[in-house]
Amino acid sequence: MNTRRTLLALAAGVAFGGFVSYASAQEVYIPLISKGFQHQFWQAVKQGADQAAKDYKVRVTFEGPETEQQVDKQIDMLSAALAKNPKALGFAALDSKAAIPLLKKAQAAKIPVIAFDSGVDSDIVVTTAQTDSVAAAALAADKMAEKIGGAGEVAVIGHDQTSTTGTGRRDGFVNRIKSKYPNIKVVDIQYGGGDHLKSAEIAKTLAQAHPKIKGIFGTNEGSAIGAGKGIKEAKKTGIVIIGFDSGKLQKDMINDGTIAGAITQNPVGIGYKTVEAAVKTLKGEKLPKIIDTGFYYYDKSNMKDPKIAAVLYD
Amino acid sequence: MSQTESANPLMRRLSGGQAKQKLLAFASLIALMVVFTVLKPDAFMTQDNIIGILQSTTVIGVLAIASTFIIITSGIDLSVGVLMTFCAVMAGVFLVNLGLPLPVGVVGAIVVGALCGVVSGLAITRLKVPPFIATLGMMMLLKGASLIITGTRPIYFSDVTGFDQISLGSVIGHVFPSMPIPNGVLILFMVAVLSAIVLNKTALGRYTFALGSNEEAVRLSGVNVNRWKVIIYAFGGGICGIAGLLIASRLNSAQPALGQGYELDAIAAVVIGGTSLSGGTGTILGTIIGAFIMSVLINGLRIMSVAQEWQMVLTGLIIILAVYTDNLRRGKS
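Chains as they are written, first to last, in the working numbering: chain B, 1 to 314; chain A, 1001 to 1333.
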């Protein structure tokens, strides 16, 4: 039995050896440790990374824990990735504080780390490839102004007031309205924690308190969906809602006209720019601290456009 | 308990079958390591990576030890992963929110774990809820409780001096600078040794085996079965408290939403190590080897850059294979 089990183990070893692509000694290997891998958003990031790997002739792998709570599993992945002596590393931290000891190890081994999707609270990372929240929300403001005819009252339902995405999207929207559209007034900013129900209650209250309100900007998926629900429940019509990100419910609401349109990030671009930044760093190029990975506005009319459809998720 | 009742499981343990099983599991572990070393010599067998494997086994290893006791009684505890998180959160409450001294927080987390085990045990023995359901309920309850207590945000231990040393410091490395084995690993082995002693040398261990072999016989011989069951679940819960401290220390934070699914990894380690889900047999050494087989496998596949989907497929196959070969051996012996 002893030999049988050993043989089985060896057979298994040989079998999975077959899954591994041939690796030459000179090839540049860049592992990407992501926040997840099953989710459509992360699959789109992976797709971008694979494309960049092809364009720049490097090898990338893409891994992430099964849920965005498994901080310890992500750290195990980071640890295994570092053991492979990669040339560079892409990392989307679930909890950047927990990863600092390993990132320091990478720094000591002179492995440049490119953060993607969200930043790391440390100057160990070379650059961060992420959506420019301020610019993306400014586009939302432009679309809002266009839909309400450049005048009237609008409000913001934010998802939180502490995170960089929360503040960036809020300020990007508010500042663009202030600087470019003097006839539009932001009458209220409320926070619903990205929770559908809370955001819906806020939207209802907004409609009550400001009967002349013409538009609401929901700064993430939950905020936008909540805004849509609230306005529907309040039986208000003619209020323009601009959302953020995608998700099935939000897409449905865009299709049935509850939400006018939304800003989507570009996960494919996040993956592509991460690998590109790693390659450039290895060539000794100087990179900015933040690399904007792009964003799009989408609505019913262009949702099926392949470029847009590729970055939307359910 | 009469002599005949206790002799049965005792004889089984001493008959040598278990020694053989341990040898088999150990051989599989070595075989896996040899395969990975041959396929990826420059990355797998490096000091950093071996320490990485040891480190990644600590939490699941400790949870698997807790599960071993309960599975030997022919019970099951689905709450171990989430209980670990709850204990980590409570450590955060004690040390960060209340600012209690480190030793109080450490003991507090373990006591919380044991108390939760008592609750599970009482639900099983007094309310007659089957272990699967009782601990499933505990799992949901504790998950919610962790989220409520923390307001769904992690508690950071950055200001608790020395807390990260529980897992990440290295007493061994202090004495032998060439072997920076983290304290978490040391704690895993200490828990393993102590648990093996409890399982094999104490009344608690004897009743653990006896309950799994023939609960009715134990009851008829006048033993307070319910009391011992509660004690065993409490013991398991206390060990989950240690796992909670390990993971909180490693992440320097209590992550309230983490932990679900870890009970299944722990159960997998237990059965790979030769403990039968029908109860009555099992060893701590087997469980530890089982836990290492899992983490070596996952680490090795990562080192080989096997696609993540395939890692899952292969891990699943290996678990089935391990238990199958174990059954073959049992069938023939």
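Read the hints as simulated data drawn from the structure, not as lab findings.
Heads up, the beta-carbon is just placed ideally off N, CA and C, and yes, glycines get one too.
One thing to keep in mind: the hints can contain errors.
[Said to hold, decoys possible] Just the calculated beta-carbon pair ranges, DEER-fashion:
| # | chain 1 | residue 1 | chain 2 | residue 2 | range |
| --- | --- | --- | --- | --- | --- |
| 1 | B | Asp-123 | A | Thr-1161 | 21 to 27 Å |
| 2 | B | Pro-288 | A | Ile-1133 | 21 to 27 Å |
| 3 | B | Asp-123 | A | Thr-1315 | 36 to 42 Å |
| 4 | B | Thr-205 | A | Asp-1048 | 53 to 59 Å |
| 5 | A | Thr-1315 | B | Gln-40 | 46 to 52 Å |
| 6 | A | Met-1190 | B | Arg-59 | 54 to 60 Å |
| 7 | B | Asp-195 | A | Val-1038 | 48 to 54 Å |
[Said to hold, decoys possible] In the EDC-like style, the derived pairs of lysine to aspartate or glutamate whose C-alpha atoms are separated by at most 16 Å in a straight line are:
| # | chain 1 | residue 1 | chain 2 | residue 2 |
| --- | --- | --- | --- | --- |
| 8 | B | Lys-87 | A | Asp-1042 |
| 9 | B | Lys-97 | A | Asp-1164 |
| 10 | B | Lys-84 | A | Asp-1048 |
**Message:** Assuming the hint says 36 to 42 Å, is it satisfied by the Cβ distance from Asp-123(B) to Thr-1315(A) or not?
**Reply:** The hinted range 36 to 42 Å holds for Asp-123(B) and Thr-1315(A), with Cβ atoms some 37 Å apart.
**Item:** Hint consistency between Lys-87(B) and Asp-1042(A) [alpha-carbon to alpha-carbon, up to 16 Å]
**Value:** The given pair, whose Cα atoms are some 15 Å apart, holds under the 16 Å limit.
**Message:** A range of 46 to 52 Å was offered for this pair. Does it hold for the Cβ distance of Thr-1315(A) and Gln-40(B)?
**Reply:** violated, 24 Å
**Request:** Starting from the range 54 to 60 Å, see whether the pair Met-1190(A) and Arg-59(B) falls in it by beta-carbon distance.
**Result:** violated, 41 Å
**Prompt:** How does the Cβ-Cβ distance of Asp-195(B) and Val-1038(A) compare with 48 to 54 Å: does it lie in that range?
**Reply:** Because 52 Å falls inside the window, the suggested range holds.
**Request:** Compare the distance between the alpha carbons of Lys-97(B) and Asp-1164(A) with 16 Å, and conclude whether the hinted pair is satisfied.
**Result:** OK: Lys-97(B) and Asp-1164(A) at ~12 Å, within 16 Å.
**Request:** Could you say whether the range 53 to 59 Å given as a hint is met by the Cβ separation of Thr-205(B) and Asp-1048(A)?
**Result:** holds, 55 Å
**Asked** Quick one, are Lys-84(B) and Asp-1048(A) close enough, alpha carbons at most 16 Å?
**Response** Holds: Lys-84(B) and Asp-1048(A) sit about 10 Å apart, inside 16 Å.
**Prompt:** Taking the CB of Pro-288(B) and the CB of Ile-1133(A), does the distance hold inside 21 to 27 Å?
**Reply:** Since the Cβ atoms of Pro-288(B) and Ile-1133(A) sit about 56 Å apart, the hinted range of 21 to 27 Å is violated.
**Prompt:** Taking 21 to 27 Å as the hint, is the beta-carbon distance of Asp-123(B) and Thr-1161(A) inside that range?
**Reply:** Distance hint for Asp-123(B), Thr-1161(A) holds at roughly 24 Å.
Comparing the model with each numbered hint stated earlier shows that hints 2, 5 and 6 do not hold.
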